[in-house]
Amino acid sequence: MNTESIYQLEAIQQRYGERLVLDIPSLQIERGELLALVGPSGAGKSTLLRILNFLETPTQGQLRFAGHTLGSRVPLELQRRVTTVFQRPALLSGSVLDNVAYGLRLRRHPQVRERAREALAAVGLGHLARAAAHTLSGGEAQRVALARALVITPDVLLLDEPTANLDPANVAAIERTVAEAHRRGTTIMLVTHNIFQARRLAQRVALMLDGRIIELAPTETFFETPHDPRTTAFIKGDMLY
Amino acid sequence: MNYWQEAINLLVGGNSDVWAIIILSLQVSGVALLISAIIGVPLGSLIGLHTFPGRQLVIAIVYTGMGFPPVVIGLAVFLLLSRSGPLGFLGWLFTPSAMVLAQVILALPLVIGFTMSAVLAVDPALRTQIRALGASPTQTTLAMLWEARVGVLVALIAGFGGIISEVGAVMLVGGNIQGSTRVLTTAIVLETRKGAFDVAIALALVLLGITFVINLALLQLQGTLLKAKQ
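Line by line, the protein sequences are chains P and C.
Quick note on the UniProt record's numbering: the first sequence kicks off at 1 and runs consecutively.
Quick note on the UniProt record's numbering: the second sequence kicks off at 1 and runs consecutively.
What the hints contain is simulated information worked out from the structure, not anything from laboratory work.
A few of these clues could be false.
Example chain C residues on the side facing chain P (calculated, C-beta under 8 Å, incomplete) [as the list claims (entries may be wrong)]: (1) LEU120; (2) ALA121; (3) ALA125; (4) THR128; (5) GLN129; (6) ARG131; (7) GLY134; (8) SER136; (9) GLN139; (10) GLU147.
Predicted, not measured: the structure shown is a model, and the values here were computed from it.
For each residue, glycine too, the CB sits at the ideal point set by N, CA and C.
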């Protein structure tokens, strides 16, 4: 057992009814690493993120997080060490600052507004603090969602296709912020359809197909000398999805 | 025009009987709405946001309750509170307490049903996001209620509208006793029966006016909330 792993998954399976959507015999996610998860839609990537954020309980298997073996009820203090930014940013009604401050308020943080303002400035949107959240563009909303996630300084940040459908400027802004969070030691799991993004940001890359991880390797190895022919096909763009 | 004049005379002239009726109407329906809100809003959000065995049955009962004939509720409460009834020992029959109880039973399904619809209308992805940000189950429910606040206010408006204008149940369990359980609706019935149409119409105008002013105030609040939601 690797004591540095923040997550350890053993024989994890998730079924929706009869359908097996996730089947992971073993997976360790190292503390402080940035792991990219690629693969076609329906491969089980989002399901895995939901399990890692304790939003779903796997039907089978053992999930360990930060040294704790978890059951169906995860203590709130452990839940609060992980957060997710989803593909479609779901913002609360109210101002942009209210949104960024939300996680801090939940935790009764002593400096809610100051910290929220700093986090908003860090994603380059300090000038929009008082704007109504619903007036933001898609890219701005996603950056606000990222600021809202990072302001609570999570141990683990899960990103579910955070730059899908965004323009290059917003993609660059989000990637900069993610890379900065990683430098500060946040463990990051990035689901992306963009293999170039995976290559730019990740230390390790995993390819998922039909609920299984078929290849997991350091980024360089994954792209240069993949073991599985399906990985080669995926990288070359021969795998249509 | 005479009726309007009569209504104004009754109100401005300081007719104590009329004012007592107005105040009692507001007290009974106000307390009933408050109790319904305290019970109904959490229950509505619970039913809307959680799955549990028998949920469909509970929803069906709530929907049935939303359209329940008030006079049937009045009869049930009457039997419940009558001397030989299970709650007869309370001695509530023909008191404002009995009227409040009947009105709570009438308003509760409306408050629960509309609150449930309101929280169900909030984007489910937002609920997942709130949980992912570390909200406890209670914090998640409160956040969803806040997001659904305009709909929750509609639930309260519907509940109040349902009980302030109701006559059958309060007539049965209150007994329309002057100075004790006479409210606007029951007074209108009595004055009409007596042939005192001018007083009946004047009271009807007062009832309409009160309902209108309260709805206007709630709409104003709804407008403020809508603005806050943007």
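Status of the hints after comparison with the structure:
no., hint, verdict
1, LEU120, "violated, 16 Å"
2, ALA121, "violated, 13 Å"
3, ALA125, "holds, 4 Å"
4, THR128, "holds, 6 Å"
5, GLN129, "holds, 4 Å"
6, ARG131, "holds, 6 Å"
7, GLY134, "holds, 4 Å"
8, SER136, "holds, 6 Å"
9, GLN139, "holds, 6 Å"
10, GLU147, "holds, 6 Å"
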